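All chains, full assembly: derive it from the sequences and hints.
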Amino acid sequence: MKIYNYLNGIFYILYGLFGAFLPLKMAALMGWELSLLGLHQVRAISLVMASLGLMSVLYVSKATDQKPLTLAIIFITLSFMAGRFLGLIFDGAGPMQTYQEIGIEIIWAGLGYFLLKRPV
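135 is the number that this note's numbering gives to position 3 of the sequence shown; each next residue is one higher, with no gaps.
Keep in mind the hints are simulated off the structure, nothing from the lab. Not one of these hints is a red herring.
Dumping the calculated DSS-like pairs for lysine-lysine here, alpha-carbon to alpha-carbon at most 30 angstroms:
#1 Lys249 - Lys199
#2 Lys134 - Lys194
#3 Lys249 - Lys134
Since this is a predicted model, take the numbers as computed values, not measurements.
Quick look at the structure:
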């Protein structure tokens with residue numbers, strides 16, 4: 133669980149810093165066209181993601197019980213997936229990237245659940 137939690141924390145730090153400092157590249161990666169307000173929003177949301185990643189890494193290094201963080205990561209991952217499903221319901225069929233992201237989120241949350249339930 134500790135490695136899973138570290139990997140998630142590092143991912144959110146890097147992903148968040150990428151969006152915060154290179155919002156136009158983040159937008160291009162996601163297929164977005166941003167206004168000035170959009171740039172500010174991407175930077176804000178990205179720094180929140182980086183902060184969550186940093187808090188995760190700090191928690192992993194201090195805590196002996198990794199279950200609460202693992203559960204939180206599963207919840208966040210499934211929340212991203214729920215948002216994508218909401219988009220599919222309200223906006224119609226998505227691009228292939230949406231389905232790939234849902235697949236990754238199912239696998240990643242499933243791995244977290246497996247680690248959470250296995251005997252330590």
